Structures are given as structure tokens and as C-alpha cells.
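J.: Each chain is listed here by its residues.
There are 2 protein chains.
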Amino acid sequence: MSTKPTVNPHVSCDCVVFGFDNEKLNVLLIEQSYERLGDKVQNALPGDHVWEEESLDEAAGRVLKELTNLDGIFLKQFKTFGDPDRLRNPKDLAWLESYRKKPATRVVTVAYYAFVRMDDFEPAASSFAEKVFWQDVQDIPQLGFDHNEIMEEAIEVLRRDFEVYQVGLELLPEKFTLSQLQNLYEIILNRKLDKRNFRKKVIKERVVTPLDEKQKGVLHKPAQLFELNAANDPSGLRS
Amino acid sequence: MSTKPTVNPHVSCDCVVFGFDNEKLNVLLIEQSYERLGDKVQNALPGDHVWEEESLDEAAGRVLKELTNLDGIFLKQFKTFGDPDRLRNPKDLAWLESYRKKPATRVVTVAYYAFVRMDDFEPAASSFAEKVFWQDVQDIPQLGFDHNEIMEEAIEVLRRDFEVYQVGLELLPEKFTLSQLQNLYEIILNRKLDKRNFRKKVIKERVVTPLDEKQKGVLHKPAQLFELNAANDPSGLRS
Numbered sequence: 001m002s003t004k005p006t007v008n009p010h011v012s013c014d015c016v017v018f019g020f021d022n023e024k025l026n027v028l029l030i031e032q033s034y035e036r037l038g039d040k041v042q043n044a045l046p047g048d049h050v051w052e053e054e055s056l057d058e059a060a061g062r063v064l065k066e067l068t069n070l071d072g073i074f075l076k077q078f079k080t081f082g083d084p085d086r087l088r089n090p091k092d093l094a095w096l097e098s099y100r101k102k103p104a105t106r107v108v109t110v111a112y113y114a115f116v117r118m119d120d121f122e123p124a125a126s127s128f129a130e131k132v133f134w135q136d137v138q139d140i141p142q143l144g145f146d147h148n149e150i151m152e153e154a155i156e157v158l159r160r161d162f163e164v165y166q167v168g169l170e171l172l173p174e175k176f177t178l179s180q181l182q183n184l185y186e187i188i189l190n191r192k193l194d195k196r197n198f199r200k201k202v203i204k205e206r207v208v209t210p211l212d213e214k215q216k217g218v219l220h221k222p223a224q225l226f227e228l229n230a231a232n233d234p235s236g237l238r239s
Numbered sequence: 001m002s003t004k005p006t007v008n009p010h011v012s013c014d015c016v017v018f019g020f021d022n023e024k025l026n027v028l029l030i031e032q033s034y035e036r037l038g039d040k041v042q043n044a045l046p047g048d049h050v051w052e053e054e055s056l057d058e059a060a061g062r063v064l065k066e067l068t069n070l071d072g073i074f075l076k077q078f079k080t081f082g083d084p085d086r087l088r089n090p091k092d093l094a095w096l097e098s099y100r101k102k103p104a105t106r107v108v109t110v111a112y113y114a115f116v117r118m119d120d121f122e123p124a125a126s127s128f129a130e131k132v133f134w135q136d137v138q139d140i141p142q143l144g145f146d147h148n149e150i151m152e153e154a155i156e157v158l159r160r161d162f163e164v165y166q167v168g169l170e171l172l173p174e175k176f177t178l179s180q181l182q183n184l185y186e187i188i189l190n191r192k193l194d195k196r197n198f199r200k201k202v203i204k205e206r207v208v209t210p211l212d213e214k215q216k217g218v219l220h221k222p223a224q225l226f227e228l229n230a231a232n233d234p235s236g237l238r239s
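Going down the list, the sequences are from chains A and B.
Residues in the first sequence are numbered from 1 upward in steps of one, following my numbering.
Residues in the second sequence are numbered from 1 upward in steps of one, following my numbering.
Hint data in this document are derived by calculation from the structure and do not stem from the laboratory.
Careful, some of the hints might be misleading.
Said to hold, decoys possible - Covered, in the sense of this in silico footprint (three residues per stretch, anywhere, with C-beta under 8 Å from a C-beta of chain A), are these stretches of chain B:
hint, region
1, 7 to 21
2, 47 to 55
3, 148 to 159
4, 185 to 199
As the list claims (entries may be wrong) - Simulated crosslink set (DSS-like; lysine-lysine; CA at most 27 Å straight-line):
hint, chain 1, residue 1, chain 2, residue 2
5, A, Lys-24, A, Lys-4
6, A, Lys-4, A, Lys-40
7, B, Lys-175, B, Lys-40
8, B, Lys-201, A, Lys-204
9, A, Lys-65, A, Lys-76
10, A, Lys-201, B, Lys-201
11, B, Lys-204, B, Lys-131
12, B, Lys-102, A, Lys-101
13, B, Lys-4, A, Lys-102
14, B, Lys-204, A, Lys-201
15, B, Lys-102, B, Lys-24
16, B, Lys-24, A, Lys-4
17, B, Lys-24, B, Lys-175
18, B, Lys-4, B, Lys-24
19, A, Lys-102, B, Lys-40
20, A, Lys-40, A, Lys-65
21, B, Lys-221, A, Lys-102
22, A, Lys-101, A, Lys-221
23, B, Lys-214, B, Lys-195
24, B, Lys-201, A, Lys-101
25, A, Lys-195, A, Lys-24
26, A, Lys-76, B, Lys-76
27, A, Lys-24, A, Lys-192
28, A, Lys-192, A, Lys-204
29, B, Lys-204, A, Lys-204
30, B, Lys-214, B, Lys-192
31, A, Lys-24, A, Lys-221
For clarity, every value in this text was computed on a predicted model and none was experimentally measured.
Glycine included, C-beta positions come from ideal geometry on N, C-alpha and C.
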């Protein structure tokens, strides 16, 4: 299309992108432009309106790319949020007033989640994102609109799908230690696991395959490295 | 509210209501008013626009009640459909032209599913539904808009959640035979099951509890009746 796309002012997409740094589970946030908020800063999930002639999936991918420079990410729709009051926080209204013709229009937002290997991508802010940054999911600040609610729901969906399908293991780097794997399990499941039982379990269930390789460049005794066992993917969802 | 609600022309809800008659899995369909389609008939899922001041969940419940008289049903959001072309079938356009001020407006629809015990409810058509009827999911006619796609997706979600959480067992009547239970499993899973293994499995896994009671008023040898074992609800989703 060479013509400028028409924005649909009634429907938006928001993206919850998870990344794992071997210690913490993170989510990708943006800081909305300063000027629009006066001196205030508002953190938010990357999100924006859909265009009239694109599908919801296309919109989610485009919006994520425009704001964070992340491209080619598999985004999965998980829930639509449409509380009539979701845009009525005064701080959000101030931002919307500078940004939209009719800031009071009700917007229904279709929420997506995605997993990325943090090593593989370099987020970069653009469009109305002033900054883009990874934030520990256990320390999420006040976000704009209903984005805290969307975040919480995304984590719940992740937890549920992880327990059943082990969706989320794709957050791991290609090679990882069992400690890193246990970290990821514990954060997603939100409980401590017994180290011995955990190790027995993931090896017995063939979740991982040991590699003939150890960690490099660490101060402690280097741990053995593992990779995901591609054959053991009950969901068929891991690529 | 005493004032007339304002319709949001950009967002709708559609409801996929499943019912099981001990033999077939059915879905509740409506026939849209004759006059609006000339002499034509269009079958569709019960669905309509949300009001400006109600939540999506509220809208789904209200719309279902308005069109089919089903009230107090637990409706679960499962996916939002927003293909830019979803309303562009000429037959649907003819209907929309008679019904809306701006029939070309793009509408994003939030789809819900629900399970009802067919004995407990008596659907009755009203509003723009001319008829309301149960239709075998294995014999769905051409539906309006993208409702065939929504149906297919709902069945896929049901199949997935059934395999993991046994969501869908609430479709059974209070008391049922193992043949009826096997029927339901086979339809949802879309494959034949071995009778002997099936019976062993559901009893061993305590899915069901035998009752001290047999079928009445049947021509064949009356079969033993069972009930769901409430304690065995891995999802916590069955009420």
C-alpha cells in the first residue's frame, strides 16, 4: 500500500513481551514521550491502534516493531480488555488529549504475549516511545491505562500454559545450566523447587539434554550446559 | 441506568453456546429476521454490539439473553476476531444495511463460549432472532459473517481445554450412563475410543462416581447411572 493507512480509533493492540536474563523474568516496557505528559513520565506496554486494513495479528506485530524495533516475533493473542473505564485515569487522559482527536473514545484493546531470547534482540525506542527497557516482572511499576491488569493476566496465562504445555521454555538461551532452568521454573510457577528433585525430574522427563560442554568465564566452578530436548515438546508450540 | 444505552458500533460479542443431548454435541444458533434479508434466511451465532457503558463480559451475557432468552450463563472469552473483511459477504452486507447506520464500519468481535445442560434451559428467540435452535456441531450450515471460523476455533479451544482440564464435562446431565459419557468424549476429542479401556480409565481416574440407580424408561437393558466426581476437578473450572 502506498497510501497512508487509516487508524481505527476504537481498537488497539498491546504486547506483553517476556524475556529471561538467566536470573529474572522480564517484560518489555516503554516510556511514553515526555513532552506529551508535561514533565511526567508514564510507563506502559508497547501498544497502539490498529489500522483499518490490517488484521489484529498484523497490527500487533507492526506496533511492536514501530515502538521497540523488535521484528518477526511470534505474538499470541490471549485476551481482549474492554472495561469502559480503562482510559479514564487523569494522567492517561492528559496523554491521550495530546495524541488523539477524540480522547474520550472508548478503546477496546486486544492483548498479545510473546517470548524472546534476550540475546537475540536489541530493542530500540522509536515513534512515541521515549525509552524501551526490560523490567523484572516481580517489580512492575505503575503502568498507564489498564496495563498492570493486562500484565497480571499475561503472567497468569503464562503460568497456566507453562504447567500444561511448558510454553515459555523458549525463553532460555540455546545453552543453559540447570540452575538457570530452575530459576525460570521458579519464577513462572512462583514457588521454590527442591534442587535435587528438580534435576532428577527434568532429566528423567527428557525436558533437557546434557551437552558435552561447560560454562565459560565464570568465577565459580563451571556448571554443565544443557539444551532443550526438541523431541519433548508436548505442545508442539515451541519452534 | 434509566437512559437508553448507546450502542458502540465498532465492537460486538458473539456467543458459542454448547449443549449435549446425550448423543450429539450441539451449538445454539439463531436465524436472523426474514424481512431484513428479503426472502433469505441467514443462520448465525447469537451476537450483537456492546453498549458504551458495559464491559465485554456484561455485553456477552446481555446479548445472549436478548436473542435466546438464556440467562445467568457463565460465558468465557476465548478469542477476538478482527479480519478487516469479516463483514463483507454480500448477503451479510444486505442484512447490515437494513440494520445499521454505517454498514461498512469495521467491527471487531469478542467471542465467548459457554456450556449448558440442555435440560435446564429453554431457549426462545427474541429481538432480531427469528428462531433459535440447537444444531449438531458436526453438521453446521453456512453461517453469517465469520461465524463458521469462530465456531471452528471454539471447538478447537474446547478440545484443548477438555484434554487438559476436562472442561466440558459440565455439559452432562446430572446423572448419565457411561455410554453417554463416552459419546461426549468421542465427539469432543473427534476420535473413537475403546469401550473397555474407556470405562476402566474413567472409573480408575475417579472422573465419575457410580450411583445406586439405573436408567428408567428405556427399551434395552437399563444401564447404571453415574455422576461426576466433584472432587476430581483438576481445573477448578467446573461449578
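J.: Report the numbers of all earlier hints that the structure fails to satisfy, in ascending order.
T.: 3, 4, 5, 6, 7, 11, 15, 16, 18, 19, 21, 22 and 24
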